[in-house]
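Put together the whole structure using the sequences plus the hints.
Chains R and C supply the protein sequences, listed in that same order.
To convert a position in the first sequence, counted from 1, into the working numbering, add 3.
To convert a position in the second sequence, counted from 1, into the working numbering, add 13.
Everything labelled a hint here was simulated from the structure, so no lab data went into it.
Incorrect hints may have been included.
In silico DSS-like links for lysine-lysine, alpha-carbon gap of 30 angstroms or less [to be verified]:
| hint | chain 1 | residue 1 | chain 2 | residue 2 |
| --- | --- | --- | --- | --- |
| 1 | R | Lys111 | R | Lys54 |
| 2 | R | Lys74 | C | Lys252 |
| 3 | C | Lys418 | R | Lys74 |
| 4 | R | Lys38 | R | Lys134 |
| 5 | C | Lys418 | R | Lys54 |
Heads up, incomplete: computed chain R residues facing chain C, CB under 7 angstroms, no partners named [claimed, not checked]:
| hint | residue |
| --- | --- |
| 6 | Thr5 |
| 7 | Ser58 |
| 8 | Ile81 |
Just so it is clear, CB atoms sit at the ideal spot from N, CA and C, and this is done for glycine as well.
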Amino acid sequence: MTDIKQVQEEIIDEFTILEGDRESTIFYIMELGNKLSEYPEEARLDENLIKGCQSKVWLTTEEKEGKVIFKADSNTDITKGLISLLIRVLSDRNPKEIVDADLYFIEKIGMGNILGSQRSNGLVAMIKQMKLYALAYQSKLNV
Amino acid sequence: MTLDIQNIRGQFPVLDQEVNGKPLIYLDNAATTQKPKAVLEALSSYYTHDNSNIHRGAHTLADRATRTYEKTRSAVRSFLNSKEEEEIIFTKGTTEGINLVASTFGRKFIKEGDEIIISTLEHHSNIVPWQMLCEEKGAVLKVIPINDKGEILIDEFDKLLTEKTKLVSIVHASNALGTINPIEEVISKAHKIGARVLIDGAQSSAHLEIDVQALDCDFFVMSAHKIYGPTGLGVLYGKREVLEAMPPYQGGGEMIKEVTFDKTTYNEIPFKFEAGTPNIADVIAFQKAIEFVNDLGKSNIRAHEESLLTYAVDKLSNIKGFIPVGTADKKVSVLSFLINGMHPFDVGMMLDASGIAVRTGHHCTQPLMNRFDLEGTVRASFSVYNTKEEVDRLVESVSKIAKLKNK
Numbered sequence: 004m005t006d007i008k009q010v011q012e013e014i015i016d017e018f019t020i021l022e023g024d025r026e027s028t029i030f031y032i033m034e035l036g037n038k039l040s041e042y043p044e045e046a047r048l049d050e051n052l053i054k055g056c057q058s059k060v061w062l063t064t065e066e067k068e069g070k071v072i073f074k075a076d077s078n079t080d081i082t083k084g085l086i087s088l089l090i091r092v093l094s095d096r097n098p099k100e101i102v103d104a105d106l107y108f109i110e111k112i113g114m115g116n117i118l119g120s121q122r123s124n125g126l127v128a129m130i131k132q133m134k135l136y137a138l139a140y141q142s143k144l145n146v
Numbered sequence: 014m015t016l017d018i019q020n021i022r023g024q025f026p027v028l029d030q031e032v033n034g035k036p037l038i039y040l041d042n043a044a045t046t047q048k049p050k051a052v053l054e055a056l057s058s059y060y061t062h063d064n065s066n067i068h069r070g071a072h073t074l075a076d077r078a079t080r081t082y083e084k085t086r087s088a089v090r091s092f093l094n095s096k097e098e099e100e101i102i103f104t105k106g107t108t109e110g111i112n113l114v115a116s117t118f119g120r121k122f123i124k125e126g127d128e129i130i131i132s133t134l135e136h137h138s139n140i141v142p143w144q145m146l147c148e149e150k151g152a153v154l155k156v157i158p159i160n161d162k163g164e165i166l167i168d169e170f171d172k173l174l175t176e177k178t179k180l181v182s183i184v185h186a187s188n189a190l191g192t193i194n195p196i197e198e199v200i201s202k203a204h205k206i207g208a209r210v211l212i213d214g215a216q217s218s219a220h221l222e223i224d225v226q227a228l229d230c231d232f233f234v235m236s237a238h239k240i241y242g243p244t245g246l247g248v249l250y251g252k253r254e255v256l257e258a259m260p261p262y263q264g265g266g267e268m269i270k271e272v273t274f275d276k277t278t279y280n281e282i283p284f285k286f287e288a289g290t291p292n293i294a295d296v297i298a299f300q301k302a303i304e305f306v307n308d309l310g311k312s313n314i315r316a317h318e319e320s321l322l323t324y325a326v327d328k329l330s331n332i333k334g335f336i337p338v339g340t341a342d343k344k345v346s347v348l349s350f351l352i353n354g355m356h357p358f359d360v361g362m363m364l365d366a367s368g369i370a371v372r373t374g375h376h377c378t379q380p381l382m383n384r385f386d387l388e389g390t391v392r393a394s395f396s397v398y399n400t401k402e403e404v405d406r407l408v409e410s411v412s413k414i415a416k417l418k419n420k
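Here it is, written out as structure tokens:
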């Protein structure tokens with residue numbers, strides 16, 4: 004499996020093709036959101052909502068053979084697209100990898116600029132929550 | 014009179030820029046309007062030539078600043094057609110105006126069991142201060158319901174009015190839907206049972222002729238920044254006898270007549286309600302905004318904005334997936350809408366990518382959004398400097414976005 008750095012490089016390459024055009028970038032992110040895998044209905048609970056996001060974001064996890072699997076959904080397509088990027092980078096990895104991950108791709112693809120401050124705060128909240136889950140698994144699994 | 018829109022646009026330097034590589038189309042005028050050069054120059058000129066504290070300064074600059082400041086009060090009096098200048102109080106904005114009335118009129122005149130009536134269309138600023146007051150006093154807040162077009166139900170209002178009603182506080186034009194309320198009728202009905210009426214004119218004052226004497230409202234509140242003036246400034250109009258009966262709002266300089274450690278006597282209106290050094294520069298610049306509106310003529314401004322609204326609604330209605338929200342018969346130039354299958358945030362962000370500034374979300378009217386079972390809408394609001402060509406670009410972008418989910 005490709006490591007976190009490689010996946011981030013792939014994403015940076017994909018976004019480079021868009022040449023920083025804001026409209027194309029947003030449409031591309033929405034497209035990614037539409038491809039996000041189905042979220043389990045039984046996990047669509049208020050307790051799974053991430054605090055600090057303006058739109059609704061549900062996040063749930065499971066552990067498989069020492070690895071953390073993330074599933075998430077949102078009521079807005081752009082947010083779904085962002086989630087799909089984070090899942091691509093962070094899901095199905097061991098907790099330590101997730102906790103230690105330096106997500107430099109976000110800055111490299113100019114996400115802060117594209118999202119504006121409110122949505123950027125939401126993205127930060129998502130990452131924080133994903134890392135918190137990983138940290139919890141790390142202590143639980145004692146790895 | 015047909016307005017020369019290109020000439021008007023030339024007075025707004027901010028409009029001449031590109032956003033995300035596209036010419037800016039500013040359609041968030043219900044949130045705040047842009048400022049003409051005359052306002053910008055007045056701000057700069059005040060700080061460059063006249064800056065000093067007003068009312069008690071014994072020097073030339075202070076005198077000059079005081080006179081220019083008070084000239085704005087006179088311009089606002091004429092703008093609202095109040096009987097006297099003393100009935101015009103400068104505030105931070107509409108929100109502060111309402112809070113001032115809730116804190117002072119409310120403190121003195123609202124008692125346990127009294128009732129205050131608002132409508133479903135209200136901005137949070139015209140809900141929360143009354144909730145706070147009702148909680149403190151044991152009073153009751155009642156809400157006029159609306160129909161699916163976003164119009165208040167006058168019959169229901171009649172039922173809510175009782176001898177317990179002490180105040181009706183209602184929006185003139187809805188910021189979220191554009192609905193113009195029949196405030197003349199509301200005011201006259203409320204007065205028949207002896208209730209006072211506050212009109213929230215934040216959204217109406219830029220578009221509709223306001224005559225507080227003809228309306229006979231007890232209070233009228235508005236914000237300068239929504240009618241081409243500076244932010245952080247608003248106006249509270251109140252009838253003299255009501256303002257005189259109200260206790261002061263904040264204590265401090267300016268609002269006093271005499272202070273000893275035993276007792277303080279208060280200044281006359283309007284100064285009784287203007288504690289502390291006021292927002293001098295913005296008040297002075299506001300006069301230029303009023304002149305700008307007066308020179309163009311509100312009826313001309315309204316005619317232009319209405320033609321843009323009608324044109325936009327006609328064109329957008331042809332787009333598959335376009336859903337208008339708020340279709341009242343009488344509206345100011347606010348167009349709230351949804352695109353089927355898409356979240357308003359996403360639509361707003363995609364419009365921004367094409368250089369079009371709109372508002373998305375609940376517009377500080379969550380109870381109204383709940384009434385329509387919505388989280389929010391996309392809101393385009395037109396001003397005098399917007400053009401038909403800009404509406405065309407809005408239509409083009411909305412059409413492109415709508416196709417994503419409505420094939």
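A quick look at each hint next to the structure:
1. R:Lys111 <-> R:Lys54: Between Lys111 (chain R) and Lys54 (chain R) the Cα gap is close to 26 angstroms, so the pair holds against 30 angstroms.
2. R:Lys74 <-> C:Lys252: Given that 30 angstroms is the threshold and the Cα spacing comes to 60 angstroms, the pair is violated.
3. C:Lys418 <-> R:Lys74: The hint holds at about 24 angstroms.
4. R:Lys38 <-> R:Lys134: 23 angstroms, holds
5. C:Lys418 <-> R:Lys54: 28 angstroms, holds
6. Thr5: 30 angstroms, violated
7. Ser58: 6 angstroms, holds
8. Ile81: 5 angstroms, holds
Checked against the numbered hints above, the structure violates hints 2, 6; every other hint is satisfied.
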